[in-house]
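> The lines below spell out each chain.
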Amino acid sequence: MSREKITPDITQKETVKISEISEENILDCLQCSKCTAGCPAIHGMDILPHQVIRLLQLGQVDKLLNSETIWSCASCFTCASRCPRDVDISKLMEALRLMVIRVKGSNKLKVEKIPKLLQKNMPQQGIVSGFRKYVK
Amino acid sequence: MQRVGVFICWCGTNISNTVNIDEVMTAVENMPGVAYSKDYQYMCSEIGQNLVKDTIKEHNLNRIVVASCSPRMHESTFRKAAEAAGLNPYLLEIANIREHCSWVHKDKEAATQKAISLTRAAVAKAILNDELIPGEVGVERRALVIGGGIAGIQTALDIADAGYEVDLVEKTPSIGGKMAQLDKTFPTLDCSACILTPKMVDASMSSKINLYTYSEVEEVSGFVGNFEVAIRQKARSVDMEKCTGCGICLAKCPIKTALSEFEEGLSNRPAIYTPFPQAVPNVPVIDRETCMKFRTGRCGVCEKVCPTKAVDYDQKDQILNKKYGAIIVTTGYDLIDLDYFGEYQYMDHPDVITGLEFERLVNAAGPTGGKLIRPSDKKKPKKVVFIQCVGSRDKSDRGKSYCSKICCMYTAKHAMLLKDKYPDSEAYVFYIDVRTAGKGFEEFQRRAVENYGVNYIKGMVGKIFPTNNKLQVNGVDSLSGEILQIDADMVVLAAATKAKPEADDVARMLSISTDSDSFFSEAHPKLRPVETHCAGIYLAGACQGPKDIPETVAQASAAAVKAIGVLSKSKLVNNPCVSEVDKSICSGCLACADMCPYEAISEKIVEEKANGKIVGRRVAEVNETLCQGCGGCTVTCRPGAIDLKGFSNKQILAEVDAICR
Amino acid sequence: MNYSYYPGCTLKTKARDLEESALNSAQALGVNLVEQEEWQCCGAVYPLASDEIATKLSSVRSLVAAHEKGEKLVTLCSACHQVIKRVNHDMKTKEDIRDKVNNYLQLKEDYQGESKVIHYLELLRDDIGFEALAKKVKVSLEGRKIAAYYGCLLLRPKEIMEFDDPERPTVLEDFLECLGANVINYPYKTECCGGYLSIDKEKVVQKMVNNIISSALEQGAKEIVTACPLCKYNLENSSLYNKEDISISYFTELLAEALDVDVKED
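Chains as they are written, first to last, in the numbering used here: chain B, 1 to 136; chain W, 1 to 661; chain V, 1 to 266.
Simulated from the structure, these hints should not be mistaken for laboratory data.
Positions of the beta carbon are idealized from the N, C-alpha and C atoms, including for glycine.
Zero decoy hints are in this set.
If you only want the chain W side, here are some residues facing chain B, beta carbon under 7 Å, derived:
#1 Lys395
#2 Ile432
#3 Met460
#4 Val461
#5 Gly475
#6 Gly481
#7 Ile483
To give an idea of the interface, some chain V residues facing chain B are shown, with a C-beta separation under 7 Å as derived from the structure:
#8 Cys9
#9 Thr13
#10 Leu48
#11 Ala49
#12 Ala79
#13 Arg156
#14 Pro166
#15 Val204
#16 Lys207
#17 Met208
#18 Leu230
#19 Tyr233
Here chain B stands alone, though its shape is the one from the complex (with noise of 0.2 Å):
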């Protein structure tokens, strides 16, 4: 593993997008960690929540959007309705995501894909609601 040095900067384009899609004032946040510990997803992520906040903070929008994290969340909200800031950390997930699959040819789930789950018994809403958050 090899660390680099980096300079913060809340300024780039990036941060401030993800701040325009989202609405979210991500200096609100002041690293309670209220949004990592109340997770339930959080074993599925290699970059805790309030550390996402963290790296926005920081201006370190790549390291988010290469990350396993912004794919693991499930949406629930969880986070966002106990933020003692009103962070909505979910608004911020999905502006990562969208930062990702608005690139062209950068869908996350593959429309061949769905044949296979339809199989699998699986309801019209999760392959609807997983289309409507991978791919764009």
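Given chain B, put chains W and V in place with the hints provided.
Coordinates of chains W and V only, in the frame set by chain B:
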């Protein structure tokens, strides 16, 4: 001929950065009536004041305008300077070109024009200023303290020490407040009761202090030196004179199911009760909502067993009307409701308790006799999790945006008390930040970590999942990123502090203000921390904001000094800016009297000649000691017969004209 | 009493039991749920991005149709409920979204969030009333140990869903109680089942549903009820799931059973 002197202050650069002083000076020189003008960097300094004094004499000035900061800040400073130079102080006017101008504008050109207009208005008004002589009013040399916690007790003791009478009004049946409920106090771990009860006894023994417990202030009117207050003494159903405090009634009362307020609901109390054994006064009250006699008419056991016939079911609330020179508000705080913090299971699991409940559980006089056990099964807890900032620093609708200030320290204390009782137990503290600003505070908290081995975890708890006999605490150590699960026996929540629910009503009654969290507002956050905006009303303790005991006591003594400052005067100088009726125009309709909030206007019959006969005619008359100069009557008066001295219609119109010119 | 009824995609296919039991029970309760004529799929997830409008349009069409009829809009699937209620809230409170949507749809009259969206449970609780419902129970569920499972979408965010306390809800428990059931409380009832993560993160979902089922089992539950087809699917895919130990059904199925209403079996 009026000779006006105008003094323009730069206020360092506060004014001169935004207002072009030279331009203002040029404009001022050409204003009618101005005989002299001068600018200076700090007009409020000794040199600046001397400049005003000297020029008044040298240039024979008879009206003064100082263009500077708000009159709230330095009007009295400059009035004194004018008086020292032999001028009636009310001949001086302030033009507020700082708060009303330089501080709120960025455009220098526009701000300069505004400063000129404001100064021109002040000059126009000053020309019409009359000499005013303030009257005097007597002082009721007694203080009222509202709230009998440590803040109220300390204030009352200090005022009594200075030789003045104090009435201490407390809502509950005993004085003592929250401090009486605490076990040990940080940072020295001395027993709370041991240091508080002597003060409670002192207060009750003092010949200068009258305790009104189980009482509430219901109405306040009047003004500094002369407040009129109605106090409701709730029916105790026990005669205070006859009761000896023997306690037989408490023991014999057949109803034992009411939850003890003092024990935070952890134990029951009878319907006739004293909140705690050291209560002052040691006279029980009957809780009429619980008492069988009051609910069904049957019972009467307490009356039968009382050896001194002190029980009186027919007792009624009494209203006492009293007068005071000063009022000190010390109504304290509460903890927030935890109804909406369901993830911590406080409402659903008996072993999740608040910090205040923990105090009772470890207290030797508490419901368990000081044996720290789980409320659910009375077993000794091995693992205890403490959670800080439950609702503090929380700007969502569940919590309070401020830091509650006392929790970091009392949580460290709780963890050490636990380890003292059970050295083999484990204590975990979840925190966002540890804040230990205070003398000896940091050392105290570090002792918990270094000597006691309390496990401090920077992180939060997501949710507590009760299992069959444990509380599974799911949290995170945010520094390492490790996800934690602690199977705890007990959880202690540091619930946020909040203002008393009735604080807004109290504020309305006293005409003082509150902040957005309903804490009472001090007159100045730095320089007038125990005064309110209402003269003669002072604040101490957590009703003004979250506070620990040392700070509360310091503030209580400070408030006492302020009150003593009023009580020590035999007379207070009146504000001479009061209303005046021109009786020749007055039609005697007395619309002004109906309007006056201070009941300062009454009717008077004047005798005058009409058609050769002497007849009586009704007119309005202003009582100058009661009038507060609000000006309400002047606009109510249809014939325009009332004017406010110092703010006459003519003066106000002259100002408006000057601004519009 | 007439209500506009929005079924959603799953209720017409994999979750037909949910719809049929709900509609037949409603009929037995004297409530007329009229399916909207031209409903479109709501998208199953509420678009969390502030700059997405197109994905909100289908919800608005249903909202407008209900508004034109002057009826409350009843939903049954938790996901549809979440999406339509939140879109309605946007239309009521967010000027930019309201303007863009109205510009696009070119309706006779601008829609400003006038419709009231309620979940079937809210209909039972607030319009019919649990007390009145209890009186109509023919076959009591007495003695049956049933745990309620809320999942995430019904409750959060609480300011918008205005459904129940998201940390300690009681509506499903109150409902079960009025059917006579022995209600089992357990702390995982509001924890997420994993939702759409089951598409490609089965391991993550396994852990989530196992927590829920083991917590319900530990408290002695024999049945779990839910309002969401995806919750039901995920719970039934748990490695701890076993029909003999714990069965999972829609709350409306128990309602139909208690009201002694016939539901066609597939």
